[in-house]
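Q: Go by the hints and put chain B onto chain A.
Protein chains in written order, with this note's numbering: chain A, 8 to 277; chain B, 7 to 296.
Wrong hints could be hidden among the right ones.
30 Å max Cα-Cα, derived BS3-like pairs, lysine-lysine [claimed, not checked]:
#: 1; chain 1: A; residue 1: Lys-167; chain 2: B; residue 2: Lys-139
#: 2; chain 1: A; residue 1: Lys-241; chain 2: A; residue 2: Lys-31
#: 3; chain 1: A; residue 1: Lys-70; chain 2: A; residue 2: Lys-134
#: 4; chain 1: A; residue 1: Lys-158; chain 2: A; residue 2: Lys-31
#: 5; chain 1: B; residue 1: Lys-139; chain 2: B; residue 2: Lys-155
#: 6; chain 1: B; residue 1: Lys-197; chain 2: A; residue 2: Lys-134
#: 7; chain 1: A; residue 1: Lys-162; chain 2: B; residue 2: Lys-139
#: 8; chain 1: A; residue 1: Lys-70; chain 2: A; residue 2: Lys-158
#: 9; chain 1: B; residue 1: Lys-139; chain 2: B; residue 2: Lys-9
#: 10; chain 1: A; residue 1: Lys-151; chain 2: B; residue 2: Lys-139
#: 11; chain 1: A; residue 1: Lys-158; chain 2: A; residue 2: Lys-227
#: 12; chain 1: B; residue 1: Lys-9; chain 2: A; residue 2: Lys-158
#: 13; chain 1: A; residue 1: Lys-151; chain 2: A; residue 2: Lys-134
#: 14; chain 1: B; residue 1: Lys-9; chain 2: A; residue 2: Lys-167
#: 15; chain 1: A; residue 1: Lys-151; chain 2: B; residue 2: Lys-197
#: 16; chain 1: A; residue 1: Lys-151; chain 2: A; residue 2: Lys-162
#: 17; chain 1: A; residue 1: Lys-134; chain 2: B; residue 2: Lys-74
#: 18; chain 1: A; residue 1: Lys-162; chain 2: A; residue 2: Lys-235
#: 19; chain 1: A; residue 1: Lys-167; chain 2: A; residue 2: Lys-227
In short, the hints are calculated from the structure, not lab data.
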Amino acid sequence: MSNAETLDFTATEIMTVAASRLLKDGTVCFVGIGLPSTAANLARLTHAPDVVLIYESGPIGAKPSVLPLSIGDGDLALTADTVVGTPEIFRYWLQGGRIDVGFLGAAQVDRFANINTTVIGPYDAPKVRLPGAGGAPEIASQAKEVFIVLKQSPKAFVAKLPFVTSAGHLDGGDARARAGIPGAGPTAVITDLGILSPDPMTKELTLTGIHPGVTVEQVKAATGWDLKISPDLKTTEVPDAETLTALRDLHARTAAAHGISQGLAGGGEG
Amino acid sequence: MAKITPLREAVASLVQDGDTVALEGFTHLIPHAAGHEIIRQGRRGLTLVRMTPDLIYDQMIGMGCAAKLIFSWGGNPGVGSLHRFRDAVEQGWPHRLEIEEHSHAGMANAYVAGASNLPFALLRGYTGSDLPKVNPNIRFVECPFTGEKLAAIPSVRPDVTVIHAQKADRRGNVLIWGILGVQKEAVLAAKRSIVTVEEIVDDLEAPPNACVLPAWTLSAVCPVPGGAYPSYAQGYSERDNRFYKAWDPIARSREDFRAWMQRHVLDTDDFAGFRRVLAESMARIMNEVA
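Chain A on its own, in the form it takes in the complex (with noise of 0.2 Å):
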């Protein structure tokens, strides 16, 4: 699995290490399960050996070995600076103001980066019931600046979400400030076809990179509404050797030490 001499990787392999590239070092992050984990951690194991991982379920300075299956892993307790309460995470770390990014999954995201992770359809007769808030809504009003990492497709991204569980940019333009929300909010929500980040001005998500191989129109099939394409579109650079083999090992040793595969779906805090 460690063999990444031929530069092939999947699309997931570039979502996590365009993410993961996102994060500088020595930034505290605060960092979701699933896929955030996974970027936040190659990070970590790449170019930003300082970046600081919090965990809700109270892990400060987490630097596991392998990938946590939950937000509460005994590696992340193990392997951490010191471990605190969870009240003491939301009141005193993040609450505090001592969070740089947050880094989310979703499960939906609509055009102003507002994140739906609790049902879909009518929340009284729901179609589907999805987990629920978890420590996002918060996470997402108080860092600093928030990162989302989601596979993009129309039913992820859709122009209204049924329910708005954490605040992304609100209804745009200047919202999210009117709305007394201290953090800058979603600066990048990243794919797997490219890099979606909030127009200055109207804070509309508009694709800024995309990713080597993916075309425009792919990307706009799978986005729920007229995505508007910055002049500036980036190409987001290959992963290097380096980075893959870092990542592939990351997820080898993971699936080692929890006797599964790997691929299981996203979302674990319990």
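A: Here is chain B on its own, set in the frame of chain A:
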């Protein structure tokens, strides 16, 4: 003062129909054995509280123990949906389940407020979220000093909190370490409490700042080695990720779920009995999901 007692007696005397019951443990130290005993004793009409309802609440909801659920994230960690929880919310099976839904920050603060003998918790939270539209227990108040708008939610004050911990001494003082979640706050917020422990020792050997719940804050301490399974107790056991994965197909159909619960929980005397029957069927389950 904590009484060191078998789990069956603790549940019989401390958990009543209609109680508000919190089983806490954030992935780590989830009190599965106690949840099973509540199911075995057929408790009904409970208001179940838990930040992260997972397999044990899926089982309790599916077996009809719960009238209401207060929570902030309900899923099978790393695997997917809780099918019994979803069936209750989406189809009202085995009966309608009322839900009161929060964020983790809200729930954690509500436990702190309960432990602090306050009527409500105050936090910067829920701004821009639709949760306040569907949960009338999320309200907003003005700071009397700055005029700032802050979220307020009622304290969580369970009739009974149930947790699992690593060890207790012979007087019933309990030591917890590793990922602590909201266990301490949940116990101190509750009127009564049950702690299952991996072992009873002569001396906790707890360093001065360790998380120790003194015996006089607890109602019952029950030795149940492995009582968190398939969750784990740091220093004692590993999380059985295979079981979390195996649960998904078991819980998908009402009939398979009922049959599994009958065989593994209702027809066994206690958690040791459950583990014996499970070991017999585990190979078969694993083959089926492989």
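Q: Decide, hint by hint, whether the structure agrees.
A: Status of each hint after checking the structure:
1. Taking the CA atoms of Lys-167 (chain A) and Lys-139 (chain B), the gap is near 17 Å; set against the 30 Å cutoff, the hint holds.
2. Annotation: proposed proximity of Lys-241 (chain A) to Lys-31 (chain A) holds, straight-line Cα distance about 19 Å (limit 30 Å).
3. With a CA separation close to 39 Å, the supplied pair Lys-70 (chain A) and Lys-134 (chain A) exceeds the 30 Å bound.
4. Proximity of Lys-158 (chain A) to Lys-31 (chain A) is assessed by CA-CA distance (about 23 Å); at most 30 Å being required, the pair is judged to hold.
5. In summary, the hint linking Lys-139 (chain B) to Lys-155 (chain B) is supported, as the alpha carbons are separated by about 16 Å, within the 30 Å threshold.
6. At roughly 38 Å between alpha-carbon atoms, Lys-197 (chain B) and Lys-134 (chain A) are farther apart than 30 Å, so this suggested pair is violated.
7. As the CA atoms of Lys-162 (chain A) and Lys-139 (chain B) are separated by approximately 24 Å, the hinted pair is consistent with the 30 Å bound.
8. The straight-line distance between the Cα atoms of Lys-70 (chain A) and Lys-158 (chain A) is roughly 26 Å, inside the 30 Å bound, and the hint therefore holds.
9. With a C-alpha separation of about 44 Å, the suggested pair Lys-139 (chain B) and Lys-9 (chain B) falls outside the 30 Å cut-off, and the hint is violated.
10. This hinted pair checks out: Lys-151 (chain A) and Lys-139 (chain B) have alpha carbons roughly 26 Å apart, not beyond 30 Å.
11. For a cut-off of 30 Å, the pair hint linking Lys-158 (chain A) to Lys-227 (chain A) stands: about 14 Å separates their Cα positions.
12. With a C-alpha separation of about 52 Å, the suggested pair Lys-9 (chain B) and Lys-158 (chain A) falls outside the 30 Å cut-off, and the hint is violated.
13. Under the criterion of a C-alpha separation no larger than 30 Å, the hint pairing Lys-151 (chain A) with Lys-134 (chain A) is inconsistent with the structure, at around 34 Å.
14. Of the pairs offered as hints, the one joining Lys-9 (chain B) and Lys-167 (chain A) is violated, with about 55 Å between alpha carbons and a cut-off of 30 Å exceeded.
15. Distance hint between Lys-151 (chain A) and Lys-197 (chain B) is unfulfilled; the C-alpha atoms sit about 39 Å from each other, more than 30 Å.
16. Proposed proximity of Lys-151 (chain A) and Lys-162 (chain A) is supported: the alpha carbons are some 28 Å apart, at most 30 Å.
17. For a cut-off of 30 Å, the pair hint linking Lys-134 (chain A) to Lys-74 (chain B) stands: about 20 Å separates their Cα positions.
18. Proposed proximity of Lys-162 (chain A) and Lys-235 (chain A) is supported: the alpha carbons are some 18 Å apart, at most 30 Å.
19. Taking the CA atoms of Lys-167 (chain A) and Lys-227 (chain A), the gap is near 16 Å; set against the 30 Å cutoff, the hint holds.
When each numbered hint is compared with the structure, violations occur for hints 3, 6, 9, 12, 13, 14, 15.
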